[in-house]
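Going down the list, the protein sequences come from chains X and W. For the first sequence, UniProt numbering gives the first residue as 1, with consecutive numbering after it. For the second sequence, UniProt numbering gives the first residue as 1, with consecutive numbering after it.
These aren't lab readings, by the way, just hints derived from the structure by calculation. Just so we're clear, the structure is a prediction, and the values are computed from it rather than from any experiment. Be a bit skeptical, because a hint or two may be false.
Quick list of in silico lysine-lysine cross-link-like pairs, DSBU-like style, CA-CA up to 30 Å [said to hold, decoys possible]:
| # | chain 1 | residue 1 | chain 2 | residue 2 |
| --- | --- | --- | --- | --- |
| 1 | W | 23 | X | 84 |
| 2 | X | 84 | W | 288 |
| 3 | W | 75 | X | 84 |
| 4 | X | 252 | W | 16 |
| 5 | W | 75 | W | 141 |
| 6 | W | 128 | X | 252 |
| 7 | W | 75 | X | 252 |
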Amino acid sequence: MNLHGIFAIYRFEMARFGRTIWTSLLTPVITTTLYFIVFGSAIGRQMGSVEGVPYGAFIVPGLMLLTIFSESIFNSSLGIYMPKFTGTIYELLSAPLSPLETVLGYVGAAATKSVVIGLVIFATAHLFVDLPIAHPLLMPLYLVLVAVAFSLFGFALGIWANGFEQLQVIPLLVVTPLTFLGGAFYSVTVLPEPWRTVTLFNPVVYLINGFRWTFFGVSDVDVGLAMGVTFGFLLLCLAAIVAIFRTGWRLKS
Amino acid sequence: MPEPILTVRGVSKTYKNGPTALKSVDLTVERGEIVALLGPNGAGKTTLISIICGIVTPSSGSITVAGHDALGDYKAARRAIGLVPQELSTDQFESVLATVTFSRRLFGRSADGGHVEQVLRDLSLWEKRHAKIKDLSGGMKRRVLIAKALAHEPELLFLDEPTAGVDVSLRRDMWNLVHRLRENGTTIILTTHYIEEAEEMADRVGVISSGELLLVEEKAALMAKLGKRELDLTLVEPLDAVPDGFDEWHLALADEGHKLRYVFDAKAEETGIPALLQRLGERNIAFKDLETSKSSLEDIFVDLVGEKR
Ligand SMILES: Nc1ncnc2c1ncn2[C@@H]1O[C@H](COP(=O)(O)OP(=O)(O)OP(=O)(O)O)[C@@H](O)[C@H]1O
Ligand SMILES: [Mg+2]
Numbered sequence: 001m002n003l004h005g006i007f008a009i010y011r012f013e014m015a016r017f018g019r020t021i022w023t024s025l026l027t028p029v030i031t032t033t034l035y036f037i038v039f040g041s042a043i044g045r046q047m048g049s050v051e052g053v054p055y056g057a058f059i060v061p062g063l064m065l066l067t068i069f070s071e072s073i074f075n076s077s078l079g080i081y082m083p084k085f086t087g088t089i090y091e092l093l094s095a096p097l098s099p100l101e102t103v104l105g106y107v108g109a110a111a112t113k114s115v116v117i118g119l120v121i122f123a124t125a126h127l128f129v130d131l132p133i134a135h136p137l138l139m140p141l142y143l144v145l146v147a148v149a150f151s152l153f154g155f156a157l158g159i160w161a162n163g164f165e166q167l168q169v170i171p172l173l174v175v176t177p178l179t180f181l182g183g184a185f186y187s188v189t190v191l192p193e194p195w196r197t198v199t200l201f202n203p204v205v206y207l208i209n210g211f212r213w214t215f216f217g218v219s220d221v222d223v224g225l226a227m228g229v230t231f232g233f234l235l236l237c238l239a240a241i242v243a244i245f246r247t248g249w250r251l252k253s
Numbered sequence: 001m002p003e004p005i006l007t008v009r010g011v012s013k014t015y016k017n018g019p020t021a022l023k024s025v026d027l028t029v030e031r032g033e034i035v036a037l038l039g040p041n042g043a044g045k046t047t048l049i050s051i052i053c054g055i056v057t058p059s060s061g062s063i064t065v066a067g068h069d070a071l072g073d074y075k076a077a078r079r080a081i082g083l084v085p086q087e088l089s090t091d092q093f094e095s096v097l098a099t100v101t102f103s104r105r106l107f108g109r110s111a112d113g114g115h116v117e118q119v120l121r122d123l124s125l126w127e128k129r130h131a132k133i134k135d136l137s138g139g140m141k142r143r144v145l146i147a148k149a150l151a152h153e154p155e156l157l158f159l160d161e162p163t164a165g166v167d168v169s170l171r172r173d174m175w176n177l178v179h180r181l182r183e184n185g186t187t188i189i190l191t192t193h194y195i196e197e198a199e200e201m202a203d204r205v206g207v208i209s210s211g212e213l214l215l216v217e218e219k220a221a222l223m224a225k226l227g228k229r230e231l232d233l234t235l236v237e238p239l240d241a242v243p244d245g246f247d248e249w250h251l252a253l254a255d256e257g258h259k260l261r262y263v264f265d266a267k268a269e270e271t272g273i274p275a276l277l278q279r280l281g282e283r284n285i286a287f288k289d290l291e292t293s294k295s296s297l298e299d300i301f302v303d304l305v306g307e308k309r
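One chain only, chain W, in its complex shape (with noise of 0.2 Å):
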């Protein structure tokens, strides 16, 4: 089995009069894997990025990058990483060629014009290549953060929050874009608050809150283990309350009373509906219609958050 792209051991955070931004994090990254990393505002999820590619310094642990240590050996760590910050932070008056280049450079490679050139035609950015960063719009500006950031040929790269204050068009270009870095054997990880980047880009999902990771699991197993599901039943007559004789179902009424919801675990022995159906019949409810869907991450998490509170 090829060595993991990156291991982290053990990896916590105090900040100098502030928080506890991490409590002893563990994580392992295989190569060619799109890691999504999900939380709340103020999880740690910048913290631990920052805290491998050497901008922060962490209280303990341990992070080795493609068989690097990050502290130890951290010139040859960093070569292999490419890191988009958060913040929209450019240099205003420099052309977007000039800054390209100079980070390629500043990553200790030569001004192969040839890979500049590549990069920024990836990102619709070649015919602005002489333009001023200042001049660009802020979706723009975000892509030259991102050719910065590969314009050294990185084999793992950072996002962080990719797409936040992105229109919709330009998240899909995003989440395209992501998909094409790793069939070139890119290894991403990325940073955000949706739910939906999470299930459409990544391979696993890492969930992040109050500086613990909470779980790191393959998104569709994540999916499955912790999913629950609806049962949405399409009533004949509305319903003004929820009738007696359905406590053990915990039903809710949907749809201003045309729906009679049951969320059920898809994984249990027992899921309830055959029961809860006969007791309808038993009680004379007729429905017309009857679906199921799974619940989003996004529930899956407020149920993680909550539980770990």
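Looking at chain X on its own, in the form it has when it is part of the complex (with noise of 0.2 Å):
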């Protein structure tokens, strides 16, 4: 194993984040103080409840989710596109490094700034509502799970990605509208049919019903059945690295 290679890149990465530390930790705290002063105050005094939660909390996991996805996209992706952008993977293309070193690297980095930005909102979010957690174990554990397997997928899409535009474009297009969509904001259950059961085929649905679950210990659809497309989104960002790495593709001619 190469350690040292991982950490190299690890580091490489860090530092990256490191330069613009206080644009990463402010804006997700300026971001979460807006999303409460809209929704939180302003809407949700006329929203009361959901599901027995009151709504300025009920909001917080997808609020957090919704970062963690764009984070983990942004910072993995953009950490394997530049070298590709700026020639020089060439270094990483010749280096004694396997591909799950390379990921472990990557994606480690990527998981960690999204985590640190998860926890800052939580922080941020506490400062507004009361946030009892039902699984206080269960909690950290989904985040690192989902930052993981976002960042497996900007992997995959910074391998893919020919230009800055196709960069932004999945993110824009799909990631964000399927949050919004996805009860972020609202639970899915006071959907009239059939939009509900449209609904019911968008993965992020489970993805922020599983993480409520770990917050409030209630969920629009079985907490099973989240927990499984989580796990399930997971493997596959993973088997499409391996598959990247197994063919060369877009990075080996």
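Both chains are sitting in their own frames, so use the hints and assemble them into the complex.
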């Protein structure tokens, strides 16, 4: 195992985070505060509670995941895309690193960053609402799992992308809409048919409900199914990356 | 006999939707050698290097580096290799020291400050170690790339056009560096378009054209084997044209008719020179000076590539 190599990549990626540490940490604090002002106070007052959870608290898991999704994808895809773009990928490809070691470095760093940011959102939200955690061990575990899954996804995206637009288009046109439509800020049970059934085909619904369940012990969908979808997504991304390295797709000619 | 540092067997490469860049190349390089790969644009030099370093997948063939199979036991093989690419690609926002240390660790070595310092000093980069790469000149960037390639103490160093876009004095520095590295036991394979560079630096020269390694020879042997010589006769009276009766020598005029030039094969039994001089005497064509010179690798190369086409 080339531990030095893994940590070299990890450190390199974390250094980019370090250079922009204040904007990286201040952004989620400000966004969270804005969400609380708009949704929590202005609208939330009329909403009362959802499934027995005050609305302000109800949106916190969704808010955290919204950011985890985009941060994981952004950091991981940029991490592997930049060397392709600048040409420094030659060094990575000629280094004595296995695919697993390469992925550990990039995905590890991207996931670390988004978990940190997720926790910053959690801490900020704490200032506004009471947040009892039903499953205090599972909650951070789930957070890490989702961060890793989306970082893997971002890594594959970064390898696929041939330009900066392509890097942005998937998060913007696929992930963000699916998240908003996936019950990040509402319970899908309030939707009228047929939208309710349609929504159940959105995998993000399961991710959000699984995570929300670790907070409040309530979920719109079966918890086992939610966990299954989360693991399934993780394995799918992993399989995609294994395939990429096997074939050298878009990495080696 | 010690095992060669590099063995390439039947390596060929056809790019997807692209040309056949290499056609079954065989090459063996002994430890401590300096080998120059000489060839025109698109000959396949970078492709060959990229395949050995693991950046491009070969279509067929096998490669052994320091006794390790480059595909099967790629980690061990790659640890022995350092690569300075043709393109100047670096992380613009990193400092020199950070990027060189990064390279060392990427190749599985602990961040030994001593070795990194030595490499940076050897390349006159130590003063600039805290500078961001984007603030360096092009020649310095190239040296940073060399430092990165040397950071993990490779046994085999590839220099893909080390002097492209480099001024004369830096080119001299580069040649000196190559000789110093060789003294420390590093094997070096470099590519170049410049004949004089191959002549200056290499022990052996391989000529690549259109994906084929036409030949690999000791530099001196190559010169002797293929070297043509030129005989220049400085005339007392300049001529307007080559006189009749000299057809068998294929003479040419040079220097506005002041010189008569005869190109001959130095290895041939009969150079034809005595007969030529005799004929000149018969025709009363007087000359005041006579000199012969070796033709350069450049002429050899043009001949070789021409022959194969
Ligand atoms: N990634 C690629 N995809 C398709 N074709 C390629 C690729 N890289 C190189 N080629 C082609 O392969 C051939 C050999 O290219 P290569 O870069 O190996 O030549 P070279 O000898 O290094 O040339 P130069 O002296 O210009 O650097 C060329 O015809 C080139 O167009
Ligand atoms: Mg080249």
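Comparing the hints with the structure gives:
At most 30 Å may separate the alpha-carbon atoms for a hinted pair to count; residue 23 of chain W and residue 84 of chain X meet this at roughly 28 Å. Distance check on the hinted pair: residue 84 of chain X and residue 288 of chain W sit about 64 Å apart at the alpha-carbon level, beyond 30 Å; violated. Between residue 75 of chain W and residue 84 of chain X the CA atoms are separated by roughly 22 Å; this keeps the pair inside 30 Å, and the hint holds. Restraint check for residue 252 of chain X and residue 16 of chain W: the C-alpha separation of about 11 Å stays at or below 30 Å, so the hint holds.
A C-alpha spacing of about 27 Å is found between residue 75 of chain W and residue 141 of chain W, which places the hinted pair at or below 30 Å, so the restraint holds. At roughly 34 Å between alpha-carbon atoms, residue 128 of chain W and residue 252 of chain X are farther apart than 30 Å, so this suggested pair is violated. Distance restraint check for residue 75 of chain W and residue 252 of chain X: the Cα-Cα separation of roughly 17 Å lies within the 30 Å cut-off, and the hinted pair is therefore satisfied.
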